[in-house]
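Asks: Now for the letters of each chain:
Protein chains: 2
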Amino acid sequence: MPEKRYLLTPGPTPVPPEVLAAVGAPVIHHRSPDFRRIYGDCLERLGTVCRTDSDVLLFTASGTGAVESAVANLCSPGDRLLVVSAGYFGERWIELGRAYGCDVAELRYEWGASPSPDDLAERLDELGGAPVVLLTHSETSTGVVADVQSLAAVAKEAGSLVIVDAVSSLGAVPLQTDAWGIDVVVSGSQKALMTPPGLGFASVSSAAWERQGTATMPRFYFDWARTRDAQAKLDSAFTLAVSLVAGLNVALELLLEEGLEAAFERHVALGRACREGVKAMGLELFSPDEDRSAVVTAVHSPEGVDAAEVILALRDRFGIQIIGGQGALKGKIFRIGHIGWFNIFDITTALAGLELVLAEAGAEIERGFAVTRALETYEGARV
Amino acid sequence: MPEKRYLLTPGPTPVPPEVLAAVGAPVIHHRSPDFRRIYGDCLERLGTVCRTDSDVLLFTASGTGAVESAVANLCSPGDRLLVVSAGYFGERWIELGRAYGCDVAELRYEWGASPSPDDLAERLDELGGAPVVLLTHSETSTGVVADVQSLAAVAKEAGSLVIVDAVSSLGAVPLQTDAWGIDVVVSGSQKALMTPPGLGFASVSSAAWERQGTATMPRFYFDWARTRDAQAKLDSAFTLAVSLVAGLNVALELLLEEGLEAAFERHVALGRACREGVKAMGLELFSPDEDRSAVVTAVHSPEGVDAAEVILALRDRFGIQIIGGQGALKGKIFRIGHIGWFNIFDITTALAGLELVLAEAGAEIERGFAVTRALETYEGARV
Numbered sequence: 001m002p003e004k005r006y007l008l009t010p011g012p013t014p015v016p017p018e019v020l021a022a023v024g025a026p027v028i029h030h031r032s033p034d035f036r037r038i039y040g041d042c043l044e045r046l047g048t049v050c051r052t053d054s055d056v057l058l059f060t061a062s063g064t065g066a067v068e069s070a071v072a073n074l075c076s077p078g079d080r081l082l083v084v085s086a087g088y089f090g091e092r093w094i095e096l097g098r099a100y101g102c103d104v105a106e107l108r109y110e111w112g113a114s115p116s117p118d119d120l121a122e123r124l125d126e127l128g129g130a131p132v133v134l135l136t137h138s139e140t141s142t143g144v145v146a147d148v149q150s151l152a153a154v155a156k157e158a159g160s161l162v163i164v165d166a167v168s169s170l171g172a173v174p175l176q177t178d179a180w181g182i183d184v185v186v187s188g189s190q191k192a193l194m195t196p197p198g199l200g201f202a203s204v205s206s207a208a209w210e211r212q213g214t215a216t217m218p219r220f221y222f223d224w225a226r227t228r229d230a231q232a233k234l235d236s237a238f239t240l241a242v243s244l245v246a247g248l249n250v251a252l253e254l255l256l257e258e259g260l261e262a263a264f265e266r267h268v269a270l271g272r273a274c275r276e277g278v279k280a281m282g283l284e285l286f287s288p289d290e291d292r293s294a295v296v297t298a299v300h301s302p303e304g305v306d307a308a309e310v311i312l313a314l315r316d317r318f319g320i321q322i323i324g325g326q327g328a329l330k331g332k333i334f335r336i337g338h339i340g341w342f343n344i345f346d347i348t349t350a351l352a353g354l355e356l357v358l359a360e361a362g363a364e365i366e367r368g369f370a371v372t373r374a375l376e377t378y379e380g381a382r383v
Numbered sequence: 001m002p003e004k005r006y007l008l009t010p011g012p013t014p015v016p017p018e019v020l021a022a023v024g025a026p027v028i029h030h031r032s033p034d035f036r037r038i039y040g041d042c043l044e045r046l047g048t049v050c051r052t053d054s055d056v057l058l059f060t061a062s063g064t065g066a067v068e069s070a071v072a073n074l075c076s077p078g079d080r081l082l083v084v085s086a087g088y089f090g091e092r093w094i095e096l097g098r099a100y101g102c103d104v105a106e107l108r109y110e111w112g113a114s115p116s117p118d119d120l121a122e123r124l125d126e127l128g129g130a131p132v133v134l135l136t137h138s139e140t141s142t143g144v145v146a147d148v149q150s151l152a153a154v155a156k157e158a159g160s161l162v163i164v165d166a167v168s169s170l171g172a173v174p175l176q177t178d179a180w181g182i183d184v185v186v187s188g189s190q191k192a193l194m195t196p197p198g199l200g201f202a203s204v205s206s207a208a209w210e211r212q213g214t215a216t217m218p219r220f221y222f223d224w225a226r227t228r229d230a231q232a233k234l235d236s237a238f239t240l241a242v243s244l245v246a247g248l249n250v251a252l253e254l255l256l257e258e259g260l261e262a263a264f265e266r267h268v269a270l271g272r273a274c275r276e277g278v279k280a281m282g283l284e285l286f287s288p289d290e291d292r293s294a295v296v297t298a299v300h301s302p303e304g305v306d307a308a309e310v311i312l313a314l315r316d317r318f319g320i321q322i323i324g325g326q327g328a329l330k331g332k333i334f335r336i337g338h339i340g341w342f343n344i345f346d347i348t349t350a351l352a353g354l355e356l357v358l359a360e361a362g363a364e365i366e367r368g369f370a371v372t373r374a375l376e377t378y379e380g381a382r383v
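Chains E and C, in that order, are what the protein sequence lines are.
In terms of my numbering, the first sequence has 57 at position 57, counting the first letter as 1, and numbering is strictly consecutive.
In terms of my numbering, the second sequence has 182 at position 182, counting the first letter as 1, and numbering is strictly consecutive.
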């Protein structure tokens with residue numbers, strides 16, 4: 001019998017069959033009327049999901065490419081860029097800013113911390129302001145979802161433009177681009193948007209467009225103006241990954257049919273269920289035990305058990321793919337993703353498999369409670 | 001009955017069902033052992049198709065992104081970059097070099113000309129050399145396939161590093177990266193490689209790596225060293241478009257099963273058949289009537305007939321998608337692509353539809369000869 005596979009990582013995430021069918025459909029030309037219809041719908045739906053009236057620019061690239069577009073379009077060499085970092089992706093944005101020759105200032109936390117608006121205000125004050133601030137909404141490496149509404153408010157107050165990396169949060173947890181005054185929201189196709197990886201996008205406010213006009217970093221493929229001008233004619237500056245756009249369009253339709261609020265509630269319930277199940281096993285959470293952090297549940301590997309071996313055993317025995325820690329957390333934590341096309345039985349499958357594998361690895365855990373606790377928590381949260 | 005569609009453009013091109021099945025298969029994690037196997041095979045096959053022992057670096061991007069990677073990794077601001085241009089894509093590379101702040105020198109031809117090695121030698125002499133020369137192998141806008149072997153030899157003789165844009169040529173017409181001393185061959189997934197758009201790649205010689213180490217253009221997403229280091233561990237610097245990589249791997253397997261030489265011969269025969277069919281209708285070729293130019297057949301629209309209307313009619317009446325001219329050639333020519341998964345009946349379908357549509361538009365053409373002539377030419381060429 002073919003093995004059943006369970007993709008339970010925080011990206012790429014499982015893709016619904018309707019989306020896979022669109023992705024695997026015969027290719028159509030990127031400048032044909034058929035494609036323009038799909039493309040127009042997709043761009044409009046992206047705006048709805050981002051809760052913005054601004055242009056959302058679409059790139060064939062990973063989320064990192066789209067973040068790079070923000071730095072390349074908003075900064076000139078030597079410009080100060082303040083990056084708030086509390087994990088692997090925050091560190092990546094610091095590195096990216098440096099690679100571009102920005103004067104990168106940091107507000108750096110231990111991995112797993114939740115950035116504080118007061119600290120940001122203080123840091124901006126200390127620096128005498130920063131033209132651009134880069135925030136990470138969901139720090140996928142730790143499971144922390146930051147309070148970007150408050151953080152963005154502080155940065156706007158200090159006169160900064162705000163870029164938010166919403167790669168693993170968009171569509172899973174609330175994010176209101178326009179209402180919260182966020183200038184640039186960057187995301188990707190392969191997380192809560194239930195599409196294979198390969199598309200990144202960036203919403204751009206009018207203030208960001210103003211700065212773009214004078215920013216002198218070299219850029220061509222990721223040049224916003226080139227992309228905006230093409231999109232205005234439902235054209236693309238460069239050949240788009242049409243198959244992925246067709247898939248994304250279907251996925252966005254599915255998401256909007258469920259409704260954004262309903263999707264956010266589902267993610268909260270899934271996150272709560274996963275954390276309660278993990279705790280019922282007697283394991284210690286690395287993720288914050290709070291409803292906002294509904295993207296990924298990070299768990300300390302029990303004493304004497306290497307997280308990498310747990311992950312390997314889950315995959316080899318049961319076809320269950322979860323993922324380990326990044327950087328300094330390698331081997332120390334494992335992470336269960338639950339963004340996008342997930343229901344409670346994905347969580348109970350992960351917990352059931354995990355329980356068995358940990359027991360066999362000799363971990364001292366409570367057995368027989370996790371699945372029931374998760375299911376009850378989920379049902380309770382959904383009432 | 002669902003309409004049958006015929007994608008007869010020089011990219012994106014038709015994708016075989018085996019490849020579509022891989023593209024539309026459930027997503028697997030980009031750091032899982034399952035994906036690493038696919039990824040390793042794919043990278044190795046790319047090297048075989050490029051005929052190089054050097055690293056071939058894979059990016060989630062269009063071909064333009066991969067060309068940009070070459071400029072960003074080989075140049076520092078103010079470096080001289082000599083671009084040989086005889087069409088739309090040559091012009092794009094001039095613009096790209098300027099966007100990056102290179103000191104762009106040009107060897108510019110009328111669109112449709114075939115660049116001459118003697119001119120290149122003279123231009124390099126005039127300039128006192130150029131550290132980097134950028135050539136276009138197949139100028140998709142005009143149908144000309146340049147003699148890059150001779151052009152590259154001249155540039156190497158003058159001490160330049162040579163980048164070749166082989167986006168629409170790789171896998172369709174002969175290209176020997178190592179034997180011809182080409183430092184960087186850039187291509188994409190959506191042409192002769194029979195895969196949907198979204199993947200670009202670049203092969204990098206040891207001389208190019210040497211220059212890369214000192215080139216100071218800002219780069220992160222397209223940084224070659226970052227990608228090479230990840231690929232060495234069958235990892236990727238950023239989340240790859242795993243679905244497209246899975247498809248490309250199948251497509252490369254199909255191409256290598258046919259054999260590169262057999263594929264080149266098939267393309268020569270298809271190109272010859274298409275040109276003979278077009279001429280049998282009494283139309284005038286814009287493409288060169290030579291076997292090397294086997295990627296796309298460009299045709300002057302007959303007196304008084306707007307190419308755009310011909311293209312629209314073919315699509316609306318018959319589901320046949322061909323494409324018009326770019327830039328100054330808009331409305332004046334139409335182009336029939338025949339790279340990748342094409343056989344003679346794709347050509348005869350295009351010719352049959354075209355004949356009818358042109359006759360209805362009032363063009364004075366010969367009717368009843370094109371299909372037979374094309375088929376006979378193809379069979380003759382294949383004996």
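Read the hints as simulated data drawn from the structure, not as lab findings.
Any given hint could turn out to be false.
A pair holds if it fits inside one copy or across any two, identical chains being indistinguishable in the list.
[Claimed, not checked] Capping the alpha-carbon separation at 20 Å, the derived lysine to aspartate or glutamate pairs in EDC-like fashion look like this:
hint, residue 1, residue 2
1, Lys-279, Asp-346
2, Lys-4, Glu-210
3, Lys-330, Asp-229
4, Lys-4, Glu-379
5, Lys-233, Asp-223
6, Lys-330, Glu-303
7, Lys-330, Asp-223
8, Lys-332, Glu-364
9, Lys-233, Asp-103
Asks: Cα distance capped at 20 Å. Does Lys-332 pair with Glu-364 within a copy, between copies, both, or neither?
Replies: Result: close within a single copy only, 16 Å intra versus 76 Å inter.
Asks: Is it within, between, both, or neither for Lys-330 and Asp-223, if the alpha carbons may be no more than 20 Å apart?
Replies: Neither: 35 Å inside a chain and 25 Å across chains, both beyond 20 Å.
Asks: At 20 Å max between alpha carbons, let me know whether Lys-330 reaches Glu-303 within a copy, between copies, both or neither.
Replies: This pair counts as within: shortest intra-copy Cα distance 15 Å, inter-copy 69 Å.
Asks: How do Lys-4 and Glu-210 come out at 20 Å by Cα distance, when the copy is not named: within, between, both, or neither?
Replies: Cα proximity of Lys-4 and Glu-210: none, with 51 Å in one copy and 47 Å across.
Asks: Between the shortest in-copy and the shortest cross-copy C-alpha distance, which are at most 20 Å for Lys-233 and Asp-223: within, between, both, or neither?
Replies: within (16 Å within a copy, 31 Å between copies)
Asks: Can you tell me if Lys-233 and Asp-103 fall within 20 Å by alpha carbon in one copy, between copies, both or neither?
Replies: Classified as neither; 36 Å inside a copy, 32 Å across copies.
Asks: Since the copies are identical, ignore which copy is meant and state whether Lys-4 and Glu-379 lie within 20 Å (CA to CA) inside a copy, between copies, both or neither.
Replies: Classified as neither: same-chain Cα gap 26 Å, cross-chain 48 Å, threshold 20 Å.
Asks: For Lys-330 vs Asp-229, is the C-alpha pair at or below 20 Å within one copy, between two copies, both, or neither?
Replies: between (43 Å within a copy, 19 Å between copies)
Asks: Given identical chains, is Lys-279 near Asp-346, meaning Cα to Cα at most 20 Å, within a copy, between copies, both, or neither?
Replies: Only inside one copy: Lys-279 and Asp-346 sit 17 Å apart there, 61 Å across copies, limit 20 Å.
The structure does not agree with the numbered hints 2, 4, 7, 9 stated previously, though it agrees with the rest.
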